[in-house]
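There are 6 protein chains.
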Amino acid sequence: MNESTFLQTLYHRNKKCYQVFPDKHATESFIDDLFHLCFVPKNNGLGGLMAIQRDYADLKVRFQSIVSGFLPDAKAIDDITNQFFEKIPEVYEVLLADAQAILSSDPAAQSLEEVLVAYPGFFATAVYRFSNVLWHLNLRLLARLLTEIAHSKTGIDIHPGATIGHSFSIDHGTGVVIGETCILGNNVKLYQSVTLGALSVDKKDATTKRHPTIEDNVVIYSGATILGGDTIIGHDSIIGGNVWLTYSVEPFSVVYHKSEVKVRDNNPFPEPLNYVI
Amino acid sequence: MNESTFLQTLYHRNKKCYQVFPDKHATESFIDDLFHLCFVPKNNGLGGLMAIQRDYADLKVRFQSIVSGFLPDAKAIDDITNQFFEKIPEVYEVLLADAQAILSSDPAAQSLEEVLVAYPGFFATAVYRFSNVLWHLNLRLLARLLTEIAHSKTGIDIHPGATIGHSFSIDHGTGVVIGETCILGNNVKLYQSVTLGALSVDKKDATTKRHPTIEDNVVIYSGATILGGDTIIGHDSIIGGNVWLTYSVEPFSVVYHKSEVKVRDNNPFPEPLNYVI
Amino acid sequence: MNESTFLQTLYHRNKKCYQVFPDKHATESFIDDLFHLCFVPKNNGLGGLMAIQRDYADLKVRFQSIVSGFLPDAKAIDDITNQFFEKIPEVYEVLLADAQAILSSDPAAQSLEEVLVAYPGFFATAVYRFSNVLWHLNLRLLARLLTEIAHSKTGIDIHPGATIGHSFSIDHGTGVVIGETCILGNNVKLYQSVTLGALSVDKKDATTKRHPTIEDNVVIYSGATILGGDTIIGHDSIIGGNVWLTYSVEPFSVVYHKSEVKVRDNNPFPEPLNYVI
Amino acid sequence: MNESTFLQTLYHRNKKCYQVFPDKHATESFIDDLFHLCFVPKNNGLGGLMAIQRDYADLKVRFQSIVSGFLPDAKAIDDITNQFFEKIPEVYEVLLADAQAILSSDPAAQSLEEVLVAYPGFFATAVYRFSNVLWHLNLRLLARLLTEIAHSKTGIDIHPGATIGHSFSIDHGTGVVIGETCILGNNVKLYQSVTLGALSVDKKDATTKRHPTIEDNVVIYSGATILGGDTIIGHDSIIGGNVWLTYSVEPFSVVYHKSEVKVRDNNPFPEPLNYVI
Amino acid sequence: MNESTFLQTLYHRNKKCYQVFPDKHATESFIDDLFHLCFVPKNNGLGGLMAIQRDYADLKVRFQSIVSGFLPDAKAIDDITNQFFEKIPEVYEVLLADAQAILSSDPAAQSLEEVLVAYPGFFATAVYRFSNVLWHLNLRLLARLLTEIAHSKTGIDIHPGATIGHSFSIDHGTGVVIGETCILGNNVKLYQSVTLGALSVDKKDATTKRHPTIEDNVVIYSGATILGGDTIIGHDSIIGGNVWLTYSVEPFSVVYHKSEVKVRDNNPFPEPLNYVI
Amino acid sequence: MNESTFLQTLYHRNKKCYQVFPDKHATESFIDDLFHLCFVPKNNGLGGLMAIQRDYADLKVRFQSIVSGFLPDAKAIDDITNQFFEKIPEVYEVLLADAQAILSSDPAAQSLEEVLVAYPGFFATAVYRFSNVLWHLNLRLLARLLTEIAHSKTGIDIHPGATIGHSFSIDHGTGVVIGETCILGNNVKLYQSVTLGALSVDKKDATTKRHPTIEDNVVIYSGATILGGDTIIGHDSIIGGNVWLTYSVEPFSVVYHKSEVKVRDNNPFPEPLNYVI
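Quick note, the sequences are listed as chains X, P, F, Y, C and R, same order.
Note that full-length UniProt numbering gives residue 133 to position 133 of the first sequence, counting from 1, and the numbers run on in steps of one.
Note that full-length UniProt numbering gives residue 33 to position 33 of the second sequence, counting from 1, and the numbers run on in steps of one.
Note that full-length UniProt numbering gives residue 80 to position 80 of the third sequence, counting from 1, and the numbers run on in steps of one.
Note that full-length UniProt numbering gives residue 11 to position 11 of the fourth sequence, counting from 1, and the numbers run on in steps of one.
Note that full-length UniProt numbering gives residue 51 to position 51 of the fifth sequence, counting from 1, and the numbers run on in steps of one.
Note that full-length UniProt numbering gives residue 111 to position 111 of the sixth sequence, counting from 1, and the numbers run on in steps of one.
Hints in this document: simulated from the structure, not taken from any laboratory.
All clues given are correct.
For identical chains, the list gives no copy identity; a pair is met inside one copy or between any two copies.
As a list, the in silico BS3-like pairs of lysine-lysine whose alpha-carbon atoms are at most 25 Å apart:
no.	residue 1	residue 2
1	K24	K153
2	K24	K60
3	K75	K87
4	K75	K24
5	K87	K60
6	K75	K60
7	K153	K60
Sequences and hints are given; from them, build the entire structure.
Put into structure tokens, the structure is as follows:
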């Protein structure tokens with residue numbers, strides 16, 4: 001394929017895409033500014049309430065612009081915009097409770113402000129909660145794009161279709177994966193590299209519940225993997241680090257990985273340990 | 001060292017560097033725009049083919065500018081630019097096959113468009129394939145910089161010198177590491193936190209094959225680690241989650257980590273599990 | 001809560017925050033430019049020493065602006081600014097030694113320049129070392145914000161309060177977590193997904209040493225987890241991949257995870273391995 | 001004065017100025033955007049009414065920011081902002097009548113839209129009318145700055161303190177000067193390089209009426225100069241090109257400059273005419 | 001009219017305008033970049049021919065975007081774009097001859113480069129010549145907008161419908177006005193504040209020739225005014241400064257304003273001269 | 001000439017120009033920022049002296065960059081930069097005296113700040129004085145470009161080679177032209193549309209004194225034209241509006257244009273006055 005044919009190809013493929021693609025950069029700055037307006041004020045407060053009203057009005061117009069490409073007409077754009085923004089105050093209150101849960105459970109957190117400004121788990125949760133509203137408004141590609149933006153910034157990959165209760169917290173978070181049909185109760189806490197995944201590989205099973213249910217007050221430590229749509233982690237359980245679990249456990253369970261560690265206290269080092277990665 | 005001496009030091013060190021450093025920000029926006037031109041069109045299609053031609057011409061000029069700092073003369077700049085851009089149509093077709101492979105194997109993926117716009121594994125693969133061309137044109141620092149940019153955005157760290165066959169897919173992807181001398185066949189699928197690493201630590205062995213070979217149709221689940229230049233994973237094998245492997249396995253192997261998990265169904269919690277991280 | 005009440009709520013909450021929040025975007029571009037001035041020169045050297053002096057003066061003014069919101073008066077702003085910038089030359093020299101350590105120990109690294117421009121471990125270390133100065137100047141929220149910025153870019157989460165000796169190196173790095181009260185000696189090397197965490201969960205224990213001590217010349221391979229404030233890894237030890245350790249080991253120890261891996265060489269695949277994540 | 005002393009001098013002078021100077025660039029983009037919102041819409045209409053509300057809210061916040069430097073407190077800022085914006089709809093209607101007057105009297109004007117987008121006389125009139133509101137709100141330096149911005153763009157210099165009736169038109173306009181205490185009636189039309197100036201030179205006379213009065217339905221052709229606070233041009237008069245007038249004329253007067261022109265029909269050219277400028 | 005009604009009014013008025021208004025800012029940067037590409041190269045030449053091709057392709061796309069609002073369909077946009085750009089090489093050559101004429105006739109001009117970069121008369125002429133092409137392609141509002149942009153920058157107001165021969169020059173230029181139906185021959189030179197205007201005021205006469213004809217090799221000095229559609233200035237004539245002319249003169253005429261100047265060599269000053277403006 | 005040939009032509013012409021052209025946009029923002037640093041502070045004073053030092057250092061680097069294209073080597077660039085910046089404090093003081101002269105002589109000026117921020121005559125004078133330094137450093141094209149920038153913004157065209165004494169003031173200013181070899185004494189005041197021009201047309205006379213000399217304490221009213229290298233306006237003279245003068249006058253002269261104005265007090269209007277322009 002020479003350059004001229006290649007550019008023709010791009011042109012014809014791209015034309016088809018204008019109807020379905022949200023603008024990635026516009027979407028990224030939209031969610032960033034929505035998050036900042038709610039939790040991390042950007043300016044010095046001079047404009048006061050007037051400035052907040054202006055910024056909120058601006059977010060609405062930008063949202064209209066983002067969704068305009070893949071909705072049929074101006075009325076649909078206005079309806080979706082109104083439905084999304086009507087939900088924001090409610091989502092905001094749920095998120096403040098999430099932030100409070102992080103503050104309560106992490107000894108290193110010194111203030112609610114630190115949680116808002118410097119906890120990637122809080123940011124990923126916020127983007128998930130906004131995206132989940134869009135998912136239920138049937139803006140699925142936009143919802144997925146938003147959680148991917150949060151994934152890119154935080155290493156935390158929450159599917160917008162997942163169901164997560166209140167007072168949810170993630171600490172550190174890099175490597176966390178939460179699948180589409182997960183159901184999480186209230187007061188769940190996850191550490192880094194936790195996977196809540198599926199067992200079914202068949203594309204025809206895409207609409208069934210493929211991911212686990214985590215009941216209230218469960219803590220899951222770093223590196224744990226829980227798989228399967230029928231797997232239920234009973235409430236008030238603790239799942240230890242690196243555990244690999246494909247079946248249900250009762251409420252109040254404590255699950256831990258029995259790891260055998262060998263220590264050799266004298267040198268020279270055994271050769272197979274001298275690797276680099 | 002006082003401020004004045006410090007700035008002098010920076011000045012003398014930096015002067016030396018102008019010959020060897022690609023401009024990080026220019027490189028970042030170059031690869032971002034190249035990816036978008038090929039897969040995620042940015043504008044509303046008004047300019048049509050003319051706009052695509054303009055954008056492609058612009059990418060060429062920006063590429064020239066990026067490589068101009070570390071090539072000897074205008075002719076070398078033009079030659080490298082032409083060689084790189086001649087390869088792009090071919091890389092584009094290979095990447096469309098990668099996207100198709102992701103769509104086929106992930107039940108959560110709803111359309112090819114979703115894969116193009118919202119799968120970090122696809123983005124990292126694309127940047128790797130473009131970088132690999134540069135690696136073979138001997139622009140090694142630039143190639144490395146590009147894959148580091150993808151690493152920063154996706155948590156997926158693929159060395160530009162690696163060899164990867166067609167229909168390659170990575171899901172979620174955070175924490176994936178693929179070393180310089182890896183050889184991957186066709187239809188390989190990786191999940192998050194997979195490491196394909198080396199065993200040799202000695203700097204003098206830097207030019208030997210230090211990383212494993214993965215044959216066709218292999219799936220490697222999350223958290224698996226495969227190490228060593230002589231390690232070959234035979235075709236049509238499955239490597240389970242958290243497996244740690246430093247030797248070869250036959251074709252059609254199924255390898256899984258035999259994990260012992262203990263469950264205690266009554267509280268109070270044993271003290272050593274009450275940790276935070 | 002209707003829109004009007006919601007915006008009033010944001011207004012009143014945000015007003016309180018102006019005194020305590022550093023501007024996230026200004027902080028992000030500040031640390032990025034400081035890093036580039038020191039290690040990855042951006043322009044073509046034309047302006048020479050004059051340009052470096054100008055850029056350094058610019059960084060000072062921007063630093064003043066960032067800290068101005070949460071310091072009482074102009075004198076405090078000037079004092080903190082001077083104290084921070086006086087430390088920079090010293091931090092710079094320590095960081096060059098870190099870069100040299102990475103170059104020496106990684107066979108894939110081809111030049112010091114590659115380390116400076118394309119190693120996320122080096123970037124995260126640099127941001128940590130600058131933040132650590134701020135932590136000791138009692139600018140704790142700003143210090144935390146800075147390391148979170150590095151976490152977002154690299155997947156490496158180092159608390160600014162941690163203590164880390166010279167010639168420190170991290171390779172790949174995605175998923176690394178280093179807690180607030182960790183103490184690391186000299187010549188420590190970490191791979192991806194290493195966690196150095198705490199065992200205590202009680203908020204009242206926030207001021208005690210909750211994270212481990214790693215002595216000189218220790219290497220910790222990918223996926224290893226070391227927990228607890230009393231845990232000491234003796235000097236010249238090697239901690240293998242995926243090891244989970246909650247107690248001390250002697251100097252010159254070699255610790256490895258005894259992993260049982262099962263291989264079945266004939267198909268059909270056992271059902272429970274056919275999962276997706 | 002060496003550089004160090006010079007910068008100290010600037011610092012001390014400038015500090016005094018922060019209280020009294022509106023920000024020139026912010027002011028320039030404010031008036032430009034206010035004019036465009038009212039008369040020359042910038043975008044493609046997608047955002048609809050919502051976008052106009054947002055832009056108007058934005059203009060208010062920016063106005064607050066511009067005046068914040070030289071008003072005593074937040075209440076004064078809010079009051080002035082409200083008073084100015086309450087006047088805008090009224091000014092808007094007067095300006096539409098001005099545009100209509102231009103369209104009616106200029107055979108080259110093809111549509112009202114052409115007048116709005118491409119007549120510098122209309123732009124200068126619009127800026128004058130907005131500035132005149134500010135002048136009467138006692139924001140005199142800001143008002144002056146605004147008309148200077150229009151002067152710079154159009155070559156038309158109207159003092160914000162001047163009084164001008166409805167249906168006012170200026171054609172071409174370069175070089176027009178209208179002084180502070182001028183009073184112009186309705187349906188006045190001016191051509192380029194018309195000066196309406198003062199006769200008094202004494203600083204102590206700064207508060208008296210120093211500039212002429214032009215009654216309704218007067219046309220003043222290019223290059224005419226009319227001077228003096230007691231000079232009254234009676235209604236329905238015509239003032240010819242290049243007229244120099246320092247006394248009053250009756251209503252329905254026609255005033256013209258009796259110019260003697262000499263023509264010599266054969267060459268060579270007389271030397272004193274061979275000049276360049 | 002309250003604010004809400006006012007914004008509704010703007011909304012309804014503006015909606016009507018989207019079909020007819022070219023975007024003022026896009027137009028301004030388009031003509032600026034076209035002028036610079038042709039005469040005042042902006043960059044350092046690195047990109048070479050490739051960069052010029054890219055910039056030219058970019059100008060085409062931007063032109064398409066500017067005219068897209070007021071043309072019926074994609075085909076019309078493409079046709080107009082192609083017709084305009086096909087004329088550019090020819091216009092370019094005529095403009096180089098204009099620049100050469102300025103260089104030859106102005107003793108202060110030291111090089112052709114100085115004329116290209118620093119003569120407002122040359123810039124205004126260039127914009128006029130480009131606009132004149134658009135005028136004849138029936139893009140009249142766009143053509144007018146372009147000459148108004150040049151008017152704003154230079155104080156020189158040339159109507160895009162005027163007809164001007166080759167080797168045309170304007171020196172200084174502030175205040176020059178050239179009307180729509182003027183016809184100027186070759187080698188005409190104008191100084192600042194020259195008006196070539198109309199005598200007819202009636203809107204119904206808008207389509208007749210209302211402005212004068214200036215034949216070849218005429219020089220018109222500063223402040224001269226020539227009016228009327230039947231007025232013809234014969235070739236090789238000189239029109240002196242401040243002349244006011246409403247009738248034709250023969251070829252080789254020399255026309256000068258017989259100005260009576262009085263000098264009083266002793267003080268005190270007569271009161272009527274002590275004016276300010 | 002087809003498009004391909006045309007772009008080749010531009011490429012070859014432009015290549016030649018890179019050595020001689022200052023970058024117009026960089027030059028424009030340089031002079032704007034230099035003016036603002038000296039007279040109209042942009043920010044809110046937070047950065048204090050440190051910010052001024054940074055901005056001054058920045059101006060030096062940008063000046064280096066502007067002149068780098070047409071100077072032979074780094075040493076020449078440094079020398080010219082130092083020589084120009086050493087002159088700035090002195091020019092600054094002369095300009096403050098100019099501003100004071102404007103304040104004293106214009107009854108409409110209410111404060112020194114108004115003069116600095118809103119008098120185009122002051123801006124044009126400032127740019128002239130900076131350009132005059134460059135003219136004498138032999139950077140003639142750059143000096144001309146700077147005064148053209150001021151001409152474009154203010155309509156005031158002062159040649160950088162002119163010689164102008166202290167306490168110089170221009171009011172309104174649109175249309176003022178001051179030629180290259182003019183010599184103006186101290187306390188000279190000009191109004192709008194004053195021309196100080198040449199009589200010689202011959203290119204070979206380009207190096208002789210072609211423009212007039214204006215001695216101390218002279219006022220020249222609007223529209224006056226004074227021509228010729230031998231023309232000397234004696235000190236303490238007044239030149240009235242619209243005067244056309246090509247010979248010298250004694251000190252203490254009062255020169256005025258004896259204008260005959262006819263008034264007809266009854267209608268209908270005589271046809272020849274019913275013109276439009």
